[in-house]
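Protein chains in written order, with this note's numbering: chain W, 1 to 276; chain R, 1 to 276; chain E, 1 to 276; chain D, 1 to 276; chain S, 1 to 276; chain Y, 1 to 276.
These are computed hints drawn from the structure, not numbers from a lab.
The beta carbon of each residue, even a glycine, is placed where N, CA and C say it ideally should be.
Careful: at least some of the hints might be erroneous.
Reference listing, derived: stretches of chain E covered by chain D, where coverage requires no fewer than 3 residues with Cβ under 8 Å from a Cβ of chain D [stated by the list, open to error]:
id: 1; stretch: 3-9
id: 2; stretch: 21-29
id: 3; stretch: 179-188
id: 4; stretch: 205-217
6 protein chains.
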Amino acid sequence: MNHLRIKQQLEQFLIEDIGVHDISTNAIFPAHRVGEACFFAKETGVLAGAEIIKTAYQLLDPTLQVDVHVNDGEEVTNGDIIATVKGAVRTILTGERVILNMLQRMSGIATMTNQAVQIMQPSNTKICDTRKTTPGFRMFEKYAVTCGGGYNHRIGLYDGVMIKDNHIAFAGSIRQAIKLVRHQLGPMVKIEVETESEAEVNEAIDAQCDVIMFDNQSAETIAQWQKLVPSSILTEVSGGITLENLSLYRHVEVDFISLGCLTHSVQSLDISLGGM
Amino acid sequence: MNHLRIKQQLEQFLIEDIGVHDISTNAIFPAHRVGEACFFAKETGVLAGAEIIKTAYQLLDPTLQVDVHVNDGEEVTNGDIIATVKGAVRTILTGERVILNMLQRMSGIATMTNQAVQIMQPSNTKICDTRKTTPGFRMFEKYAVTCGGGYNHRIGLYDGVMIKDNHIAFAGSIRQAIKLVRHQLGPMVKIEVETESEAEVNEAIDAQCDVIMFDNQSAETIAQWQKLVPSSILTEVSGGITLENLSLYRHVEVDFISLGCLTHSVQSLDISLGGM
Amino acid sequence: MNHLRIKQQLEQFLIEDIGVHDISTNAIFPAHRVGEACFFAKETGVLAGAEIIKTAYQLLDPTLQVDVHVNDGEEVTNGDIIATVKGAVRTILTGERVILNMLQRMSGIATMTNQAVQIMQPSNTKICDTRKTTPGFRMFEKYAVTCGGGYNHRIGLYDGVMIKDNHIAFAGSIRQAIKLVRHQLGPMVKIEVETESEAEVNEAIDAQCDVIMFDNQSAETIAQWQKLVPSSILTEVSGGITLENLSLYRHVEVDFISLGCLTHSVQSLDISLGGM
Amino acid sequence: MNHLRIKQQLEQFLIEDIGVHDISTNAIFPAHRVGEACFFAKETGVLAGAEIIKTAYQLLDPTLQVDVHVNDGEEVTNGDIIATVKGAVRTILTGERVILNMLQRMSGIATMTNQAVQIMQPSNTKICDTRKTTPGFRMFEKYAVTCGGGYNHRIGLYDGVMIKDNHIAFAGSIRQAIKLVRHQLGPMVKIEVETESEAEVNEAIDAQCDVIMFDNQSAETIAQWQKLVPSSILTEVSGGITLENLSLYRHVEVDFISLGCLTHSVQSLDISLGGM
Amino acid sequence: MNHLRIKQQLEQFLIEDIGVHDISTNAIFPAHRVGEACFFAKETGVLAGAEIIKTAYQLLDPTLQVDVHVNDGEEVTNGDIIATVKGAVRTILTGERVILNMLQRMSGIATMTNQAVQIMQPSNTKICDTRKTTPGFRMFEKYAVTCGGGYNHRIGLYDGVMIKDNHIAFAGSIRQAIKLVRHQLGPMVKIEVETESEAEVNEAIDAQCDVIMFDNQSAETIAQWQKLVPSSILTEVSGGITLENLSLYRHVEVDFISLGCLTHSVQSLDISLGGM
Amino acid sequence: MNHLRIKQQLEQFLIEDIGVHDISTNAIFPAHRVGEACFFAKETGVLAGAEIIKTAYQLLDPTLQVDVHVNDGEEVTNGDIIATVKGAVRTILTGERVILNMLQRMSGIATMTNQAVQIMQPSNTKICDTRKTTPGFRMFEKYAVTCGGGYNHRIGLYDGVMIKDNHIAFAGSIRQAIKLVRHQLGPMVKIEVETESEAEVNEAIDAQCDVIMFDNQSAETIAQWQKLVPSSILTEVSGGITLENLSLYRHVEVDFISLGCLTHSVQSLDISLGGM
């Protein structure tokens with residue numbers, strides 16, 4: 001992640017929670033009181049966002065000392081110490097909630113992504129995300145997906161072309177839609193086409209798109225369509241895939257399966273601050 | 001919600017997704033092409049965030065016409081039309097994803113909150129939220145909780161005092177912690193104390209705090225402690241409550257039960273844009 | 001005060017004054033020229049904002065050395081050195097005006113608040129502020145009030161309920177207004193009611209609000225009404241109180257007296273930079 | 001004032017006060033309730049900032065109707081209606097405090113400036129402001145000075161050169177300081193020199209600066225020095241001038257007298273919202 | 001271009017020029033004075049940025065009426081009227097310079113791009129831009145390139161992979177560098193490789209990158225290398241190409257030629273505001 | 001330049017280019033890899049913006065070590081090392097493009113300005129800039145002009161009065177326009193008048209403006225008009241001056257010649273990062 005953007009967004013997040021000041025902590029702890037605490041896991045999962053602890057505390061108080069003991073992408077289990085913090089007690093407590101909110105959500109995403117990755121073993125199919133992220137929080141969520149072993153689809157509407165049913169309907173055909181788009185594209189942008197029938201798959205292949213999405217199809221159908229596609233074109237399965245039904249797609253040999261639930265319906269990983 | 005803040009944050013959210021421009025849509029649809037579409041529910045739940053549709057589209061293009069058919073807090077079921085939009089097809093498609101991401105997450109929260117509210121019927125205990133929200137998105141999530149029939153706990157660290165175990169440990173006693181805090185408080189701030197034993201409950205009562213939290217206790221313990229508290233002090237149950245175990249607390253007669261999961265581990269409500 | 005917000009606002013304040021650059025100082029002093037100077041009081045008053053000196057100079061140049069000799073809330077008199085600064089002369093001079101503008105205004109507020117606090121001695125009545133602050137500068141002004149021994153009323157419209165005459169008129173009665181509000185409040189928000197007659201005071205007591213304000217009443221009337229209010233409800237006097245008439249209210253035994261003039265009509269405390 | 005900057009700063013000011021929402025007003029008034037109210041003066045003074053009423057309300061709700069009846073710079077007396085507002089009661093009440101805070105402070109400045117202008121009648125000496133403004137609020141305060149008949153000195157450190165004692169000391173002489181500065185200036189920047197002795201006045205005249213400031217001198221001294229200065233150089237009196245001692249300088253015939261108190265120690269003009 | 005970003009950046013640009021206010025125009029023209037003026041070309045070129053005129057003036061004053069007579073990408077010649085503006089003279093004059101600065105620079109870029117496109121006729125080679133843009137102004141400059149008939153290369157470091165010499169040196173080989181990158185890429189990102197020898201071209205082909213750049217080579221060399229590359233891989237020529245030497249590459253049959261000078265060394269197109 | 005504004009704008013510029021992250025570099029270089037590189041000139045010119053290298057890299061990573069070997073305003077020739085950088089290779093490469101874009105453009109402006117300054121030798125006429133700058137980048141461009149030996153005209157519309165033909169036409173005469181303006185000006189603002197005939201020059205002299213501009217006149221005419229102007233009024237030549245025709249004005253003895261081309265039509269100076 002771009003460190004400058006992390007800092008800018010963290011400032012905003014910390015101000016959202018702290019406002020004019022943390023009245024409880026400032027009333028009870030004097031400014032000079034120092035202490036030590038640690039962030040530790042309370043359940044098993046994959047960590048994402050360890051850098052947040054350091055950056056957030058440094059924004060609040062550059063003299064706070066943070067040691068991170070687990071790398072992003074590594075597994076933690078109940079009781080594992082993720083990081084230790086030493087310094088002003090006020091700062092440690094004031095930053096706690098925002099840091100936990102980020103760590104827990106990001107690690108929840110990494111953990112769920114990793115479960116999806118495990119389910120797909122030993123196939124070569126990769127797990128990827130979607131644009132169904134929490135507004136304002138996309139960079140962190142997409143990064144968390146990679147910590148879990150997943151891959152990022154488009155960052156936004158600006159860095160890849162996705163031709164959907166209503167684009168095709170308006171253009172008249174997949175071929176025509178791709179032609180319109182290619183007419184405006186520089187050398188570095190890929191074109192993906194959503195397909196809903198074998199005819200569309202064939203049309204997309206003929207039009208030489210970069211990626212073909214099989215949208216909302218059964219595993220059987222997908223397995224058949226996949227055989228039609230040359231290796232120079234990537235394939236993606238999307239639409240209604242969850243951890244529950246994911247294993248059905250293990251043998252279809254597509255390149256990517258994208259799961260919206262990785263970012264829109266995730267359980268936080270239980271992480272806590274303690275030992276102070 | 002403060003309309004000015006909605007607009008400011010929506011601008012940021014839309015720019016996060018659109019970047020320099022929506023290459024797919026702009027390549028295929030000419031600027032003058034108009035159309036009509038609707039946002040509709042694909043499953044049963046409680047709506048939250050209808051105002052977002054209007055505000056987001058007006059930021060992108062003030063000539064777009066948006067009619068909202070369901071109010072926040074009302075139930076929708078599969079197929080219900082939430083809003084219709086008429087105007088430039090480019091704008092309708094470009095704004096779609098951000099609007100859906102907000103509506104789906106907010107309605108997911110409202111729906112889960114409402115389930116919690118239903119479980120607590122017919123007791124007088126109210127459901128409330130926590131500060132365990134997605135960073136940068138708290139205003140929307142806390143509002144969604146109220147759409148589901150829940151109540152808001154503190155907005156942040158600045159608008160209420162919460163005295164926790166480490167505050168008490170440092171101050172020496174609940175009484176001393178409250179004294180320290182009250183010494184700095186104006187007339188409009190409430191003090192809540194986390195208690196973990198009957199002795200602490202009694203101490204908190206003596207010290208005349210405004211709210212007592214029973215932290216991580218069994219329903220039986222809570223029922224007993226609740227009887228000790230005079231009606232002038234509000235009570236709150238917190239810690240590890242989920243939709244699964246919530247019904248255990250239906251008969252304990254506390255004033256509020258707070259659930260972190262309402263905002264940190266929620267399923268999106270399935271909503272879609274269609275009919276164009 | 002939240003250090004992150006201090007920094008963000010100071011950046012804005014310094015840029016407001018410096019613009020593209022300080023032409024006078026940059027033309028005369030070479031970049032490498034170092035010097036030493038001090039901020040000192042030119043009249044007697046209570047200091048507020050010492051932290052500003054350090055933070056402002058560190059934003060402009062982290063190598064500048066600032067030593068603060070007086071704590072916020074302490075009295076200074078003519079000639080007292082508040083802080084000494086060593087480092088690049090350019091930076092010392094370029095930051096001077098903004099720092100003085102803040103220190104002087106904040107210390108003026110602390111001084112006036114302290115005068116009010118002294119006037120109320122030896123009663124238990126506390127002095128508090130209002131929302132009548134300079135737009136964009138509220139956090140600093142409310143903090144300055146506490147440096148002078150005063151207390152903060154609401155931070156804004158979001159962290160406390162104030163039921164005024166037109167709310168009551170529309171709702172039909174104080175009881176009905178409180179009922180409407182309480183129906184939407186979580187556990188941590190207080191309700192204050194403005195009263196203008198004994199009947200209203202009694203109604204507010206019956207409706208169990210948290211704070212009763214006696215609005216624009218004579219000291220005699222207030223003394224009488226105060227006797228009606230149980231100790232579980234706080235009382236506040238407001239409306240047209242100044243340092244001139246404040247002593248009239250010394251014996252009325254209310255909990256708080258709020259003064260708009262503390263923030264809307266204050267004299268700066270005379271502070272200067274010298275000795276370079 | 002630059003309308004774009006007014007809007008940007010008003011957004012910030014309104015969000016400072018409203019936060020996530022106005023809980024009192026939203027709980028009592030339904031969204032559809034409309035009403036009418038007016039801003040009126042409660043004492044005599046000079047109005048400044050009428051445009052704020054319109055702009056602030058339009059930011060909150062473009063359907064609100066605002067009619068302004070008094071122009072900036074005109075006198076108002078107790079009971080004069082400044083503006084009437086029609087529309088959603090919620091919006092009228094939610095915006096009230098920020099608008100009043102601005103109007104009252106700006107009109108307080110205009111009124112005090114006007115008093116200074118009256119005191120100087122019938123001389124040709126003009127009243128002007130300083131950089132001793134409230135941080136973040138300078139544009140509004142400097143504009144208010146012009147509404148009262150005053151003039152603006154430098155906007156900041158970037159649009160005019162002011163050579164002070166420590167500049168002169170370092171450069172070696174006024175002549176040398178001006179030479180250093182002029183060496184770096186384009187055609188559009190003026191140079192003012194602070195003088196504290198007749199010798200300095202003569203040196204400044206010889207060095208052909210644009211403005212000479214007589215710093216902290218008695219009226220008699222100033223009257224003498226003024227005679228030395230050719231009409232091609234403007235003169236300014238500064239330092240410790242208040243409304244109380246201003247009349248002493250009525251006959252010294254300088255071009256400008258600057259008063260820091262116009263912006264750092266002003267009484268708000270009493271203005272209220274009523275009639276709803 | 002994303003209309004929301006245009007507005008945000010235009011606000012910043014207008015405030016950069018106008019500051020607190022346009023002293024000249026406000027002093028001379030009364031607020032109610034209306035007039036009419038037009039933007040017209042003073043030399044031949046390709047227009048880019050017509051939308052700026054409307055958006056900028058609407059930010060300053062929504063009642064101003066702007067009619068645009070030429071579309072982006074169309075040729076204008078000396079005397080051609082690009083747009084007419086009616087409304088407050090103050091606003092017309094205050095916005096003039098920023099609008100012209102944008103129109104002139106963007107049209108300069110479009111014109112130079114178009115000259116490059118003409119030079120490459122009748123080959124199929126497309127002209128594209130680079131990341132050598134003016135910081136903060138990239139969106140406008142990249143859009144202007146498309147108005148001139150050119151294409152956009154990467155928007156930034158985030159939407160495409162470019163493997164350069166130092167990447168290759170560190171990774172050990174092109175194959176290894178691509179492997180490292182591909183290991184982290186989702187389905188929608190393209191990989192371009194800079195090549196400086198025939199061996200590198202062959203290695204890049206073997207490694208199946210998406211685009212091969214021939215960096216700083218003679219037209220003859222490029223023509224040879226181009227023959228090695230299969231049609232499934234795009235080719236780009238880059239490095240030191242200007243309008244002067246561009247025609248040398250007309251017959252090399254590559255897909256794209258990128259020119260840094262289109263954005264880093266461009267002549268403004270002469271456009272003026274007149275007729276008022 | 002104001003260091004705080006440099007940092008704020010650099011943050012924006014770096015985020016514009018880096019977005020969520022630099023995918024190429026992060027995929028190939030591990031975080032701990034350190035290296036060394038240098039910025040060096042590839043052609044002869046005048047350097048401007050050396051401070052940018054340090055500030056940009058410190059924003060990205062405070063541990064990066066930057067040593068600058070050439071001062072702004074000094075000449076560099078092909079091969080000259082401007083600065084060396086040591087530290088994380090990722091950071092060195094990620095910041096490269098934005099730094100080069102700034103250095104190259106700013107040095108291009110300094111170089112062109114210096115050429116103009118050389119052409120005017122040995123006259124006393126100074127070269128100055130205009131407001132024809134790239135929107136959002138003005139502070140950097142105006143600073144670069146001074147590095148080349150030029151001077152800055154107005155920063156914007158707020159720090160100097162320029163009376164143009166349409167101001168004069170509306171006011172009725174130059175005298176009347178100046179009177180209107182002077183009526184609103186404080187002591188520190190200069191007035192410049194554009195003149196297009198000898199009569200206008202004489203009128204401007206009579207009205208005692210501060211600067212007279214000879215707009216779009218031949219060198220002969222200017223030489224004549226210049227003789228009319230007393231030494232207390234500065235003169236400026238403007239309109240269509242380029243490096244090609246500048247020498248024609250060497251003997252006209254005006255104070256300033258302003259060139260729009262210095263900022264609107266400049267060639268970048270070729271600078272590169274290498275040696276890693």
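Now for the hints, and whether the structure bears them out:
| no. | hint | result |
| --- | --- | --- |
| 1 | 3-9 | violated (count 1) |
| 2 | 21-29 | holds (count 9) |
| 3 | 179-188 | holds (count 5) |
| 4 | 205-217 | violated (count 0) |
In the structure shown, a violation is registered for the earlier hints numbered 1, 4, in ascending order.
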